[in-house]
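Number of protein chains: 2
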Amino acid sequence: MKYYIGIDLGGTNIAGGLVDENGKILKKLSVPTEVERGENAIIDNISDLCGKICDENNIKLSQVEKIGIGVPGTVDSENGMIMFACNLNFNKVSIKPIEEKCGVSVKILNDADAAAYGEYVASGSKADSFICITLGTGIGSGIIINGKIYNGFNGAGGEIGHTTLIKDGVQCSCGRKGCWEKYASATALVAQTKAAIKNNPESIMSKETVINGQTAFRAADKGDETALKVVEKYIEYVAEGLVNVINIFQPKKVVIGGGISREGEPFISRVREFVYKYDYNKYLDKTEITAAELFNDAGIVGAALY
Amino acid sequence: MKYYIGIDLGGTNIAGGLVDENGKILKKLSVPTEVERGENAIIDNISDLCGKICDENNIKLSQVEKIGIGVPGTVDSENGMIMFACNLNFNKVSIKPIEEKCGVSVKILNDADAAAYGEYVASGSKADSFICITLGTGIGSGIIINGKIYNGFNGAGGEIGHTTLIKDGVQCSCGRKGCWEKYASATALVAQTKAAIKNNPESIMSKETVINGQTAFRAADKGDETALKVVEKYIEYVAEGLVNVINIFQPKKVVIGGGISREGEPFISRVREFVYKYDYNKYLDKTEITAAELFNDAGIVGAALY
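First to last, the sequence lines map onto chains A and B. Those letters in the first sequence? Residues 1 to 306, by our numbering. Those letters in the second sequence? Residues 1001 to 1306, by our numbering.
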């Protein structure tokens, strides 16, 4: 058996796992990121976590083939530099200290790319073109072509969430208006749910104290008219963006991840129906569309094995 | 010197050229497609054109390395089958008869892909990621990654013109509403120009008898207020779609072709300014954006050399 360590570096926690060559997680651990302590502390926390993961599995760091780190920002993989990651206050931070402290080769990649690669491994790594779309705080996306992550000549590509669904629509943090993620992310669904409750106080959702990405789906299950409309419209937003993705890439497979994808096949099947009705390709084989398999573990597996 | 023949198979004419290994067209000829005579006649016309091209250059068909054909439809390159091409009434047509009649190996590819590859060759074939956008009757697009045309697992990808700019906007022939090509193609510009003239009879454009893709640009040159607004809005439509392309691909280079791109640098520089202001990448190198170099010859060169 070969050992790999995959690290999912987040703004709040650093999740790490020992992974075998087949993408199976043998052990998972998590420590606080401690952004407030600065970049050196974060780098130390990552090194320490790698050591701890090995300790708990009774192996030595020297038995680990590689450490992979998924970073919420832009990376220069070749030179081992995290170019910037706003949630970590990172600006040109080298990962060499981790390599020196652990004595293991370290590779970094973008976290959405790591998650996409994890799902690609989980799906059998057979698709020559594979796209993972994560419906979360925003919309993350990872593009894998011929087994390799594609993100453009400068490493900043794959921002599918930042393509217009409605020009001059809802203001996006990227500076434009009407980006797909302003309509189809989990955050957008929560906003749409809240707006619907405000306009429809008779909805059973108005009794809820906490509104999240599940609120409308659960109320729709009970036949609530307002919730049914919210869910229907949200599915349309997700599917319209997916049609765009498919018209451009015609990937063999699209995997939908993020909290919303836990709604599973009842959700995915309605997205699929819309996409297959409206995509440009009417004659040839269609892209396979499924829910994610690994969810939060995708980043660890992808970082470990890329 | 090595000889290649590139064929640009259109609904009205078949354009063909003898091309050297550097992409230089040595001789160009064109014959009517004669769609009304059916698929066998068209296939014969292509073979005859290849013969004629060689005759006029005093070479033999046997001296030609390869014949490449750009087809307005979907192709199965591997098996030499044109799967369908609605403007030609083609449905599963084999190109083997051309191979047999000419005694030269024949390769087919999609015409937008051929044009993109031609522009890629003209640009020096150095960009590891290259996208050609053609603003014509619709919006054509060709994606070249690591020197290879990318069009998905089923060959139907690269339909960037059919991505939403405005969800639920102008009805598109593909079945959806609000596709980019309904706002940023040459056809769309003509429609926008006509609508503006109707609403602004004081515009100097109202004296024109023929309205085409140049009408608004020429009137804007003369300071016509209505035309200036049409051009400004059109540039915004082109650029918004380009920002989407760049946020997804971050290609090394984007080339804009089609009749509109003959407006050259005054047009391209305004598109570029908008794109660089609104694209997601604020820190790293930017995609190079230029006008096409080969225009109508791109399809011939690309088909010949791919």
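Calculated directly from the structure, the hints in this document are not laboratory data. Being a predicted model, the structure only gives us computed values, none of them experimental. Any given hint could be a false lead.
[As the list claims (entries may be wrong)] Just a few of them, taken from the derived set where beta-carbon distance is under 8 angstroms, the chain A residues facing chain B: (1) Ile145; (2) Phe274; (3) Tyr276; (4) Asn296.
[Said to hold, decoys possible] Straight-line distance between alpha carbons at most 27 angstroms, and here's what the computed DSS-like set of lysine-lysine pairs gives: (5) B:Lys1286 - A:Lys92; (6) B:Lys1207 - B:Lys1177; (7) B:Lys1107 - A:Lys282; (8) B:Lys1060 - B:Lys1028; (9) A:Lys101 - A:Lys28; (10) B:Lys1028 - A:Lys107; (11) A:Lys282 - B:Lys1092; (12) A:Lys177 - A:Lys198.
[Stated by the list, open to error] Listed next, the stretches of chain A that the computed footprint assigns to chain B, with coverage defined by at least 3 CB atoms under 8 angstroms from CB atoms of chain B: (13) 15-24; (14) 53-67; (15) 204-216; (16) 242-251; (17) 254-261.
A virtual CB, placed ideally from N, CA and C, is assigned to each residue, including glycine.
Quick rundown of the hints versus the structure:
Annotation: A:Ile145 was flagged as interfacial toward chain B, and the flag holds, the nearest CB pair being 7 angstroms apart, inside 8 angstroms. Checking A:Phe274 against chain B by beta carbon gives a least distance of about 11 angstroms; that is not within 8 angstroms, so the hint is violated. Proximity of A:Tyr276 to chain B is violated relative to the hint, the smallest CB-CB distance being about 12 angstroms (cut-off 8 angstroms). Annotation: interface hint on A:Asn296 violated; nearest CB of chain B at approximately 25 angstroms, more than 8 angstroms.
For the given pair, B:Lys1286 sits about 19 angstroms from A:Lys92 by alpha-carbon distance, which is consistent with the 27 angstroms threshold. Note on B:Lys1207 and B:Lys1177: the hinted pairing is violated, with a Cα-Cα distance of about 32 angstroms set against a maximum of 27 angstroms. With a C-alpha separation of about 24 angstroms, the suggested pair B:Lys1107 and A:Lys282 falls inside the 27 angstroms cut-off, and the hint holds. Taking the CA atoms of B:Lys1060 and B:Lys1028, the gap is about 16 angstroms. The hint holds against a cut of 27 angstroms.
Between the alpha carbons of A:Lys101 and A:Lys28 the distance comes to roughly 21 angstroms, so the proposed pair stays at or under 27 angstroms and holds. This hinted pair does not check out: B:Lys1028 and A:Lys107 have alpha carbons roughly 52 angstroms apart, beyond 27 angstroms. Between A:Lys282 and B:Lys1092, the direct Cα distance comes to roughly 15 angstroms. Compliance with the 27 angstroms bound is thereby established for this hinted pair. Note on A:Lys177 and A:Lys198: the hinted pairing holds, with a Cα-Cα distance of about 24 angstroms set against a maximum of 27 angstroms.
Residue count for the region 15-24 of chain A with a Cβ under 8 angstroms from a Cβ of chain B: 0. That is fewer than the three needed, and the coverage hint is violated. By the rule of at least three residues with a Cβ nearer than 8 angstroms to a Cβ of chain B, the coverage given for the region 53-67 of chain A is violated, with 0 such residues. With a threshold of 8 angstroms between beta carbons, the proposed coverage of the region 204-216 of chain A by chain B is violated, since 0 of its residues qualify and at least three are required. For the region 242-251 of chain A, the stated coverage by chain B is satisfied: 7 residues place a CB nearer than 8 angstroms to a CB of that chain, which reaches the threshold of 3.
Counting residues of the region 254-261 of chain A whose C-beta sits closer than 8 angstroms to any C-beta of chain B gives 0, which falls short of three, so the coverage hint is violated.
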